[in-house]
Amino acid sequence: MLKYALLRLLGAIPTLLLVIVLAFLMVHAAPGGPFDDERVLSAEIEANIAAAYHLDEPLHRQFYRYFAGLLQGDLGPSYRYRDHTVSELIGTAFPISLKLGTMAMLLAVVFGVAAGSFAALRRNTLPDRSVMAFAMTGISIPVFVIAPVLVLLLAVKLQWLPAGWSGNEGAARFLLPVIALALPQVAYIARLTRASMIDVLASDFVRTARAQGLGTTAIVRYHALKPAMLPVLSYMGPAIAAILTGSVVVEEIFGIPGLGQFFVRAALNRDYTLVLGIVIFYATLVILLNLVVDILYGAIDPRIRQR
Amino acid sequence: MTTLFNIWRRMRENRAVMVSGGILIGIVIVAIVGPLISPHDYLQTNFDNLLQRPGTAGFHLFGTDDLGRDLFVRSMLGVQITIVVAVVASVVSLVIGVMYGAVAGYVGGRVDAIMMRFVDTLYALPFIFFVILLMVAFERNFLLIFVAIGAINWLDMARIVRGQTLSLREREFVDAARLTGVSTAAIIMRHIAPNLLGVVIVYVTLTIPQAILVESFLSFLGLGIQEPQTSLGALVDAGVNQMEGASWMLLIPAGLLATILLCFNFFGDAMRDVFDSRSER
Amino acid sequence: MSLLSVAGLTIRYDDAIAVNGLSFAIEKGESVGLVGESGSGKSQTALAILGLLPAQADVSGDIRFEKTALLGASERALDSVRAQRLAIVFQDPAQALNPFVRIGQQLRRILLQHGLAEGAQAQARVIDMLRRVGLSDPERQYRAYPHQLSGGMRQRAMIASALITEPELLIADEPTTALDVTVQAQILELLEDIRKDTALLLITHDLGVVAGHCERMLVLKQGELVEQGATRDVFARPQHEHTARLLAAAPRLDRTDIPTTTTGAELLTIKGASVSYRETGHARLQAVRDVDLTIRAGETVALVGESGSGKSSLARAVLGLVPLQSGRVAFCGTALEGLAQDRATAVRRGMQLVFQDPVGSLNPQMRVANIVAEPLLVHEPDASADTRQQQVIAILEKTGLGEEFLERYPHELSGGEAQRVAIARALILKPKVLVCDEAVAALDGTVREQILALLHEVQIDSGLSIVFITHDLSVVRGISHRVLVMYMGALVELADNNALFEQPRHPYTRALLAAVPVPDPERAGGKATLAGEVPSALAPPSGCTFHPRCPHARDICKTEIPEQRTINSTTVACHRAEEI
Ligand SMILES: Nc1ncnc2c1ncn2[C@@H]1O[C@H](COP(=O)(O)OP(=O)(O)O)[C@@H](O)[C@H]1O
Ligand code: SF4
Ligand SMILES: [Mg+2]
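Residue numbers (our numbering), protein chains in the order written: chain V, 79 to 385; chain E, 3 to 283; chain W, 495 to 1074.
Be aware that a few hints might be false.
[Said to hold, decoys possible] For lysine to aspartate or glutamate, the following DMTMM-like pairs were computed, each having C-alpha atoms within a straight-line distance of at most 25 Å:
| hint | chain 1 | residue 1 | chain 2 | residue 2 |
| --- | --- | --- | --- | --- |
| 1 | W | K924 | E | E174 |
| 2 | W | K690 | W | E560 |
| 3 | W | K926 | W | D836 |
| 4 | V | K235 | E | D68 |
| 5 | W | K715 | W | E906 |
| 6 | V | K304 | W | D955 |
| 7 | W | K892 | W | E874 |
| 8 | W | K924 | E | D177 |
| 9 | W | K1052 | W | E1072 |
| 10 | W | K765 | W | D990 |
| 11 | W | K715 | W | E943 |
| 12 | W | K926 | W | E943 |
| 13 | V | K81 | W | E773 |
| 14 | V | K81 | E | D122 |
| 15 | W | K715 | W | D938 |
| 16 | W | K1021 | W | E524 |
| 17 | W | K926 | E | E174 |
| 18 | W | K926 | E | D177 |
| 19 | W | K765 | E | D177 |
| 20 | W | K690 | W | E660 |
| 21 | W | K765 | W | E800 |
| 22 | W | K765 | W | E1057 |
| 23 | V | K304 | W | D586 |
| 24 | V | K304 | W | D836 |
| 25 | W | K892 | E | E246 |
| 26 | V | K235 | E | E246 |
| 27 | W | K924 | W | E901 |
| 28 | W | K892 | E | D177 |
| 29 | W | K715 | W | D508 |
These aren't lab readings, by the way, just hints derived from the structure by calculation. For clarity, every value in this text was computed on a predicted model and none was experimentally measured.
Make the full structure from the sequences, and use the hints.
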């Protein structure tokens, strides 16, 4: 088991390196520099700026410099917010996003698994069909449609909930963003749980358990739940990535000063170092969380654990 | 496994396929014909007629936007672009994915292991952020959108095709063909490819909504299709800015986008049933 | 009052009747066999008794366990009967046990659920039960997951889970069909020994199993009961012609109608063939080691061994489907090694293969006409479509299929028909050798007899040589000239048909013969004379690979690989072949 975890950890390193190289090259292969669209600069000033950001060095030197900084947690200075380093900016903005994302994820897993199991146990009844219709809708409608429609309905028209972030306090301001972020994932997880629960309930070993007179509750609890959760667990990786992606628009729509909003602003402003830094940060986060999911999977499935 | 022969028959018997397919075809027809017969043009601004409500007045069925442009024509243009981007991107991912997956699956062994390890590596990346990075670096190039979306979606296709090819390769009818001296090319053409077709068709129909999602996401953020061109994502973005006063600007493109996505998802889901061997005959 | 009484049981599905008006009773403590071909409704009956039929089944009739009505009872009422009074063992223990839960926990849960034991006492009872079903080191097996046990051990655990509550009736649905014949004998003996007062309903397609283990028997045909009675009486004087047909089709070791066709010159020579596969990591799995075999024109040679013994690997290597690790193959006087790929394929055209899974060996997207014609497309590309069509029709007719089959797809064929199509495809190139890899294993007794007769006919017609691969010794008796027995990839005995069955030389051959169930209640068959199971091919025992199970093993057997020796034209690989 420990060996399995270590192997996985080692396996993640090349992926991380690939991410860094790829992201770095993308930014530096871009035609034109970051300051192109500013006022026409004199050649001298341009050269000064280039030197300040080491843009005059050959690419491999620049990469080396960047990578060395990265190892110490230094992602360089921001092009736009000239007084801040990228690491500082991430450090300020990420905690809000983390809070939002964690709440959405918990909501998604709890409601998704509950709704999916419920539907599976009442297969082909009206409740099942309703849950599935809801889930299909939830999967199909993008976060950036759900979020403004929720705002329009619950905040603007009905005025039940606060619409914006600033000027509001407490838990209420989290409610709409978290729901908007979680909804597609609730839907996806519900579908996944239902399908895998139905598969497991149709398996031979559940038939055996029924023949042993265990009854539905005991069967689900002692025999079906664990195997039925495996596909959901494998989905956690993509779900994390999806929630991160969703947080970008949700923060933009609700005006939440999280990392997602920073990212969009940076992208629209062509703040190259900030975009690069955030992409690398996100990628590392996703890769590490995927790793955790992988190891958990190994811990649950005895057939993998033995390897 | 279903024979291709009776797929059409089974599609017609499947209500979800017919209904969602019908709606999609309807939307596409209106999106093509609508702008042709409409008196308005998607560029034409009219500052005397800003934010007009939907209705028949001035033949602005969906109303006008904050620049007085006809929202019907703009929405239909958005539908066109959204669907074209999605279909082209899906074809890109189809071609790459099928070739990559089929080679890995048919060659097998170490080549397969390395090729799939590469896919797994890419799989773990939050691709959308790279796409944004790409968009930033390369100035929101229209072509790049296809490439970027295709680059995300081929991974799934490659995995599925590879798995299917791997198991087909082990099937006894392939051995039987090899024994009678059938060439590798003919085995792939006659025995592997036709049996892959089912999963590929199902999977492509499920890839299209994903591609739509990515494109509209980028456009919503202002990183995709640029003004004065438009797509449903960009229209939703414009609608969000006007939603307090002119909710139709949000609700109409949002509704269209949701309907299209829902129909594609239902269609793909139902196609899976059509090809499912368990519901054979 | 009978322990179990079934009256007018009928099970319908949308498009078919699975069981039709079935009535029978089982008394306390007796053992009853339920036999029939596949699809005759045996398992449906078992599931109906336990209330486990799928929701779409439409069930009517009456099933009573003593006074309790089971049919139509609530799940809750059923749960108080299930396990405690009525238990079942399913066919495939690999599927029937939960792979995610430790064996001990699965058994303990039953006791806890029904309030039969608690805490440490429950654990002690489970461990005791595991010991009674013959699991060595039961404390360890208690903590094992199913995949850590061998097939036979898993089935023992399954039996333990069924009997731990000491039920009054045990239903066993094909409990040994997924197991090798030597393990089957062990499991059936275990069931016999351990069940004590528990009545047994043993479901099987194998008349030999019924003859050896049941006092009474019921015969099903397409969902209807056609005959029931004491096993002895039914075997001696079958009343219904279907029973008579089943009995006639049951393979027997004591057949005397063995083939006498004359055989010609040497056709295929295999020398020192070895095959290995690469496993994950650097391990190599030795599937075949150093086998010699010569096949003559017009001869049928049977390749026999338990699953995993390397029969298929040997055949596939000879046919070029997997690479030979070492050894030489010559066909029609041409040595195959060193030949260019296309030349070798051309030579191999004279050898064709028929597979186990009849439907799986046909491309689901192609019509029968195209499937059978495909080899012609390769080898006679210039022939006109018309000539091809004529050839296809002729060969299909030879295999007993009319022109109406030309346009069918594989899923529109029955197992027997699909196997005929596969044979037609193999024969259309007029091969000299036909390899049949478990070609009748998936077929019912009566269909199997028809296919065997067809192969025999073709052989007489065209002097074809047949290599007949099977795990079932009893099928071999009536069809082969010579028999090669394999164990863990190596030849253990090669002998003429009569010699092998009447004077087996190798201890393993003897054990195999003793383990085969005999479809005759007056004779003892199906005896378990071997302990244990085939070891993992990744870690084969030293010396004679059979030594851990061999009743005759001596010290030398542990260290030295036995040389092959010939005694009265029988080739044996055993240090002690002469003495025993
Ligand atoms: N393609 C393969 N890859 C790895 N191992 C295999 C493969 N085919 C067979 N084996 C292994 O080789 C051994 C012999 O198998 P096989 O020739 O199929 O035996 P049989 O036909 O007698 O059942 C078994 O241990 C089996 O698991
Ligand atoms: S060599 Fe020894 S162990 Fe092997 S079969 Fe002969 S007596 Fe038994
Ligand atoms: Mg085999």
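Hint check:
1. W:K924 to E:E174: Distance ~20 Å between K924 (chain W) and E174 (chain E) Cα, so the pair holds.
2. W:K690 to W:E560: Answer holds: K690 (chain W) to E560 (chain W) is near 19 Å, not above 25 Å.
3. W:K926 to W:D836: Answer holds: K926 (chain W) to D836 (chain W) is near 19 Å, not above 25 Å.
4. V:K235 to E:D68: Holds - the C-alpha atoms of D68 (chain E) and K235 (chain V) are around 21 Å apart, at most 25 Å.
5. W:K715 to W:E906: holds (22 Å)
6. V:K304 to W:D955: This hinted pair is violated, its Cα atoms lying about 59 Å apart.
7. W:K892 to W:E874: holds (20 Å)
8. W:K924 to E:D177: Roughly 18 Å between the alpha carbons, so the hint for K924 (chain W) and D177 (chain E) holds.
9. W:K1052 to W:E1072: At roughly 18 Å apart (the allowed maximum being 25 Å), E1072 (chain W) and K1052 (chain W) satisfy the hint.
10. W:K765 to W:D990: holds (19 Å)
11. W:K715 to W:E943: holds (18 Å)
12. W:K926 to W:E943: holds (23 Å)
13. V:K81 to W:E773: Roughly 20 Å between the alpha carbons, so the hint for K81 (chain V) and E773 (chain W) holds.
14. V:K81 to E:D122: Given pair K81 (chain V), D122 (chain E) holds - Cα atoms ~20 Å apart, limit 25 Å.
15. W:K715 to W:D938: Status holds; Cα separation ~12 Å.
16. W:K1021 to W:E524: holds (21 Å)
17. W:K926 to E:E174: holds (21 Å)
18. W:K926 to E:D177: Holds, at roughly 19 Å.
19. W:K765 to E:D177: holds (24 Å)
20. W:K690 to W:E660: Holds. K690 (chain W) to E660 (chain W) sits at ~9 Å (cutoff 25 Å).
21. W:K765 to W:E800: Roughly 22 Å between the alpha carbons, so the hint for K765 (chain W) and E800 (chain W) holds.
22. W:K765 to W:E1057: holds (15 Å)
23. V:K304 to W:D586: Holds, at about 22 Å.
24. V:K304 to W:D836: violated (52 Å)
25. W:K892 to E:E246: Cα-Cα ~81 Å, so violated.
26. V:K235 to E:E246: Holds, at roughly 9 Å.
27. W:K924 to W:E901: Since the Cα atoms of K924 (chain W) and E901 (chain W) sit roughly 23 Å apart, the hinted pair holds (cutoff 25 Å).
28. W:K892 to E:D177: OK: K892 (chain W) and D177 (chain E) at ~24 Å, within 25 Å.
29. W:K715 to W:D508: holds (20 Å)
Consistency with the previously given hints fails for numbers 6, 24 and 25, ordered from lowest to highest.
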